[in-house]
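A.B. asks: Protein chains in written order, with my numbering: chain A, 1 to 321; chain B, 1 to 283.
If you are wondering where the hints come from, they were derived from the structure by calculation, not from laboratory data. Note that the coordinates shown come from a computational prediction; the quantities given were computed from them, not determined experimentally. Since no wrong hints were added, every one of them can be taken at face value.
List of simulated lysine-lysine pairs, DSS-like, C-alpha gap at most 27 Å:
(1) Lys16(B) - Lys266(A)
(2) Lys306(A) - Lys213(B)
(3) Lys16(B) - Lys213(B)
(4) Lys275(B) - Lys122(B)
(5) Lys45(B) - Lys308(A)
(6) Lys51(A) - Lys306(A)
(7) Lys45(B) - Lys266(A)
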Amino acid sequence: MRSISPEAIVGSRITNQSLRRWLHSLPGVDKVGLEARAASLGTRSIKTASKAWALDAAIKMMDLTTLEGMDTPERVKSLCLKALTPDPTDLSTPRPAAICVYGDMVKYAKATLKDSGVYVAAVATAFPSGRASLRVKLEDTKDAVRAGADEIDMVIDRGAFLAGEYLEVYKQIVAVKEACKRNDGSYAHLKVILETGELQTYDNIRRASYLAMLAGGDFIKTSTGKVTVNATIPITMLMLQAVRDWYEETGELIGVKPAGGIRTAKDAIKYLVVVRETAGETWLNPDLFRFGASSLLNDVLMQRQKLKTGHYSGPDYVTVD
Amino acid sequence: MRLDVRKTYKLFIGGKFPRSESGRTYELNDHQGKFLANVAQASRKDARDAVVAARAAQSGWASASAYNRGQILYRIAEMLEARREQFVAEIRAMTGVSSSKANAEVDAAIDSWVWHAGWSDKIDSVAGSMNPVAGPYFNISTNQPTGVVAILAPQDSALVGLVNSIAPAIVSGNTVVVVASEGLPLSAITLTEVLATSDLPGGVVNMLTGSAKEIGPWLASHQDVNAIDLEGAHSPVELEISAAETIKRVIRANSFSRGDSRGSLQHILALMEVKTVWHPKGH
Numbered sequence: 001m002r003s004i005s006p007e008a009i010v011g012s013r014i015t016n017q018s019l020r021r022w023l024h025s026l027p028g029v030d031k032v033g034l035e036a037r038a039a040s041l042g043t044r045s046i047k048t049a050s051k052a053w054a055l056d057a058a059i060k061m062m063d064l065t066t067l068e069g070m071d072t073p074e075r076v077k078s079l080c081l082k083a084l085t086p087d088p089t090d091l092s093t094p095r096p097a098a099i100c101v102y103g104d105m106v107k108y109a110k111a112t113l114k115d116s117g118v119y120v121a122a123v124a125t126a127f128p129s130g131r132a133s134l135r136v137k138l139e140d141t142k143d144a145v146r147a148g149a150d151e152i153d154m155v156i157d158r159g160a161f162l163a164g165e166y167l168e169v170y171k172q173i174v175a176v177k178e179a180c181k182r183n184d185g186s187y188a189h190l191k192v193i194l195e196t197g198e199l200q201t202y203d204n205i206r207r208a209s210y211l212a213m214l215a216g217g218d219f220i221k222t223s224t225g226k227v228t229v230n231a232t233i234p235i236t237m238l239m240l241q242a243v244r245d246w247y248e249e250t251g252e253l254i255g256v257k258p259a260g261g262i263r264t265a266k267d268a269i270k271y272l273v274v275v276r277e278t279a280g281e282t283w284l285n286p287d288l289f290r291f292g293a294s295s296l297l298n299d300v301l302m303q304r305q306k307l308k309t310g311h312y313s314g315p316d317y318v319t320v321d
Numbered sequence: 001m002r003l004d005v006r007k008t009y010k011l012f013i014g015g016k017f018p019r020s021e022s023g024r025t026y027e028l029n030d031h032q033g034k035f036l037a038n039v040a041q042a043s044r045k046d047a048r049d050a051v052v053a054a055r056a057a058q059s060g061w062a063s064a065s066a067y068n069r070g071q072i073l074y075r076i077a078e079m080l081e082a083r084r085e086q087f088v089a090e091i092r093a094m095t096g097v098s099s100s101k102a103n104a105e106v107d108a109a110i111d112s113w114v115w116h117a118g119w120s121d122k123i124d125s126v127a128g129s130m131n132p133v134a135g136p137y138f139n140i141s142t143n144q145p146t147g148v149v150a151i152l153a154p155q156d157s158a159l160v161g162l163v164n165s166i167a168p169a170i171v172s173g174n175t176v177v178v179v180a181s182e183g184l185p186l187s188a189i190t191l192t193e194v195l196a197t198s199d200l201p202g203g204v205v206n207m208l209t210g211s212a213k214e215i216g217p218w219l220a221s222h223q224d225v226n227a228i229d230l231e232g233a234h235s236p237v238e239l240e241i242s243a244a245e246t247i248k249r250v251i252r253a254n255s256f257s258r259g260d261s262r263g264s265l266q267h268i269l270a271l272m273e274v275k276t277v278w279h280p281k282g283h
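Please work from the sequences and hints to get the whole structure.
C.D. replies: Shown next, in the form of structure tokens:
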């Protein structure tokens with residue numbers, strides 16, 4: 001928990017002006033440098049024992065996701081069963097960290113997962129657009145928390161952010177955080193989705209990251225997975241730099257979750273390299289780094305089978321989603 | 001005087017021309033031992049990527065109409081004809097045969113494409129059947145493509161053997177990963193240029209150059225390959241044992257003639273599976 005108040009971090013009372021001053025005083029992002037660094041880290045070759053470790057780590061850090069209009073209780077149930085036994089041919093396979101579903105599906109996920117240790121994360125606040133009144137967003141959040149969600153993935157109001165209404169964005173996150181409070185006084189974990197694909201510039205992504213951390217987000221998450229540009233390695237690296245610097249400044253550990261477009265084990269391993277090299281080993285932990293993905297798990301399982309058997313596996317040897 | 005363009009060829013995977021993931025090439029000499037070109041030497045990872053590309057293309061290719069597949073195969077014949085001189089020159093450089101022999105081989109290859117193109121919409125008319133059953137049902141057997149086929153192309157044939165290995169597989173809707181002849185790869189490389197300009201969807205034919213000895217075992221054991229053609233295999237027995245682990249269809253070496261201007265329906269059917277449908281019939 002952080003000991004410094006938001007006012008102390010910003011250096012004055014929280015107003016739109018002070019937030020603007022604070023966010024715009026953050027150093028600008030070196031676009032070329034960031035992308036070159038991300039590309040060079042992506043060329044690392046991870047083999048044998050390290051690869052086996054990385055594949056298992058990727059599964060443990062996965063939020064297995066289904067966010068479709070066509071989600072049914074049975075589909076959610078089958079995804080939960082997959083999380084409990086990812087690979088029936090190899091029971092040593094670790095379980096993903098969480099299942100990520102829409103709020104109304106939480107009860108079905110909870111009923112299947114029970115106290116297995118696999119969390120249920122729910123997207124809330126009028127996901128994915130976030131275009132609803134605050135009252136609706138809060139009720140959406142409370143609904144999911146009441147149904148038993150362990151984690152809430154909220155979206156920020158990108159419209160307000162891009163219009164420069166930082167205070168509005170801040171207040172909404174604070175209010176959603178409060179809505180995550182359970183009857184026993186504990187809080188559901190709050191992940192704040194920045195929807196980086198809509199924020200236009202790297203500078204904006206850095207500002208949105210700081211704003212979300214200031215407002216009390218436990219995780220900052222790249223994307224909803226519903227827009228054209230989803231998680232990329234440079235964006236994730238930028239957000240990892242933000243949480244690292246935030247920790248140095250405030251002593252508070254914030255997590256990062258890239259989501260959308262991460263489909264292959266190879267991609268996942270690249271992300272893990274970037275985590276290790278940017279934020280450090282502390283973040284190679286499901287409490288501080290997650291992948292939001294749906295098809296990634298099968299590819300990781302096929303790679304695991306390849307390592308174990310010595311020959312290439314195929315989609316016929318993993319479950320159909 | 002001008003400098004020679006010393007060619008370094010690439011692989012053909014998913015409709016694109018990538019270098020080998022391993023970065024390796026090997027030198028190809030002509031029949032007199034003079035340098036001819038650098039050829040990409042594919043690794044097991046290139047084979048893996050090629051299988052992924054072939055799998056991705058398979059359902060689309062199989063669901064294209066037989067007529068459409070036939071048109072595309074016919075177009076391949078046309079494009080091959082247009083590059084006749086290049087094929088003749090390359091065959092002569094690699095093998096040292098006479099111009100008339102090289103021309104005859106190209107003729108045979110073109111004719112083979114045309115012959116196979118004609119079969120696309122006739123396979124089921126000839127090999128499918130309407131079966132008499134003891135009950136009020138229509139009982140119909142049709143032939144479906146097997147899926148992804150790995151082909152170890154004949155080592156001693158530059159072009160016609162290659163065409164007679166690929167065409168019978170793809171005409172029915174299979175997609176293929178081919179390991180070209182290690183010693184005579186130029187016709188295979190030029191054939192990929194033909195395929196890339198023939199409206200053939202990317203990934204239907206994937207061409208690897210390099211050592212069948214090195215790549216073959218990975219394809220034989222690959223769990224996402226449905227059939228393997230061992231015509232150009234170095235150690236066919238081991239590969240067949242390996243393929244049995246995943247109940248792949250296996251075509252043994254010398255099962256079919258590969259040197260003619262026409263193939264055989266049996267070869268096409270060897271890479272197809274029979275599906276029988278029962279349909280209730282009113283009285």
